[in-house]
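Let the hints inform the model, and build the full structure from the sequences given.
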Amino acid sequence: MSANRPAAVVVLAAGEGTRMKSSTPKVLHAICGRSLVGHVVAAARALDPEHLVVVVGHAREQVAGHLAETEADVRTAVQHEQNGTGHAVRMGLEELGRDGVALDGTVIVVCGDTPLLTGETLTALAATHATDGNAVTVLTAEVPDATGYGRIVRAADGAVTAIVEHKDATDAQRAIREINSGVFAFDGQLLVDALGKVRTDNSQGEEYLTDVLGILREAGHRVGASVAADHREIAGINNRVQLAEARRMLNERLLRRAMLDGVTVVDPATTWVDVTVTFEPDALIQPGTQLLGATHVAARAEVGPNSRLTDTTVGEGATVGFSVTDGAEVGPGASVGPYAYLRPGTRLGSKSKAGTFVEMKKADLGAGSKVPHLSYVGDATIGEQSNIGAASVFVNYDGVAKHHTTIGSHCRTGSDNMFVAPVTIGDGAYTAAGSVITKDVPPGSLAVARGQQRNIEGWVARKRPGSAAAEAAQAALQEDEGDK
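Going by my numbering, the residue at position 137 of the sequence shown is 156; the numbering climbs one at a time, nothing skipped.
For the record, the hints were derived by calculation from the structure and aren't laboratory data. We put the CB at the ideal spot given by N, CA and C, even for glycine. Hints may contain errors.
With a cut-off of at most 35 Å between alpha-carbon atoms, the simulated DSBU-like pairs for lysine-lysine come out as follows [claimed, not checked]:
| id | residue 1 | residue 2 |
| --- | --- | --- |
| 1 | K186 | K40 |
| 2 | K216 | K186 |
| 3 | K370 | K389 |
| 4 | K370 | K421 |
The following label-pair restraints were derived from C-beta to C-beta distances [unchecked claim]:
| id | residue 1 | residue 2 | range |
| --- | --- | --- | --- |
| 5 | E100 | T189 | 20 to 28 Å |
| 6 | G312 | R259 | 21 to 29 Å |
| 7 | G224 | T189 | 47 to 55 Å |
Next comes the structure, spelled out in structure tokens:
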């Protein structure tokens with residue numbers, strides 16, 4: 020447990036976000052596999068707070084439902100009317116107060132639309148707050164262009180004397196590049212007391228959290244600051260352009276971490292990963308690849324180019340190229356693609372193959388077995404070292420229920436086979452090309468299930484007279500006669 024463990028973290032997620040122009044609440048828009056508010060909650064968890072509460076308002080049922088589904092042990096407080104940031108924090112603290120939480124310690128307030136904020140930065144904020152003995156510590160950042168932001172005005176000893184909005188700043192103050200992030204660490208008891216003194220006699224008629232700083236400073240308490248190492252961390256999301264920019268920055272951060280840990284990413288500009296993706300050293304990621312959800316890529320595995328993997332495990336030395344996988348398991352040394360589609364429940368054994376234009380669903384392919392091309396394998400178990408011929412279809416659905424097909428080990432099935440489930444092909448069995456297999460095949464047998472070929476001579480001349488085919492056939496027949 021951290022020595023600077025806060026009593027509570029309050030996440031402000033009640034705003035509507037009208038500039039997103041979306042039916043989805045702003046804080047539920049997702050980047051890199053997690054909602055905006057989910058990223059903030061993840062950063063807050065790095066502090067190991069005693070209590071974590073998210074203040075919801077606009078579309079509160081959706082936001083609260085999302086949090087209940089994705090974030091265990093997170094409480095929600097409702098701000099029924101959006102009456103300012105100070106009011107939102109007060110609603111969060113009142114929710115905790117219902118359980119008798121005393122808030123003896125630090126309370127950190129963060130914004131729910133800052134997905135680039137890191138746990139390291141919040142930890143530094145909490146440490147600075149404790150070390151300096153501040154009543155309030157503002158998370159700040161030095162930016163290249165501070166236009167439009169509130170400026171941090173400091174005293175000679177480094178204490179914060181004011182936060183001046185751009186429109187109210189003097190020329191000298193506008194030259195300041197240190198800005199307010201909207202993230203704060205407070206002494207919990209002082210915060211509760213000061214929130215009760217915040218007035219609403221402003222143009223918006225709202226309770227501003229920033230007014231707490233002035234109240235506490237006037238009461239003789241120290242207001243300090245902690246400067247974020249990277250100003251981009253504090254960026255809030257207000258529209259789709261900023262959403263895309265944040266996605267790019269977070270993706271770059273994730274790929275940089277992977278590369279420093281020994282992963283080769285050939286082209287980071289065209290590679291996209293979620294925060295939940297994991298790698299082992301010496302994995303190789305080719306251009307145009309998306310790795311999503313709980314995907315894991317093992318050592319010496321190669322993924323891409325132009326592939327999308329979701330919730331997929333790729334074993335050591337396996338390859339997946341030009342393919343889409345979802346909820347699949349690719350065993351060590353296995354090969355997928357090009358142009359394969361592995362659907363949920365598919366498991367490929369060691370050194371097996373799902374080749375070109377192969378679709379598999381809820382299928383278990385044994386070690387060394389191959390489905391090389393142009394086939395659909397669904398609801399099936401295939402043993403070891405078997406080969407499924409081209410253009411095969413596992414007919415698993417009868418219009419009401421799904422049925423299972425079992426292919427044994429060391430089997431050789433012909434091209435253009437239909438396996439009408441439920442059906443079992445025994446170990447070492449063969450099936451002839453063009454067969455429709457509706458009955459079980461005993462081990463070591465050859466199954467032939469097709470009509471006997473019959474040639475009707477002269478059919479084209481009689482049924483298609485004058486056609487190109489008829490003329491070609493006539494010429495060939497005349498040539499054959501001349502050779503006799």
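Against the earlier hints, flag every one the structure doesn't satisfy and list their numbers going up.
When the structure is compared with the hints, numbers 5, 7 turn out to be violated.
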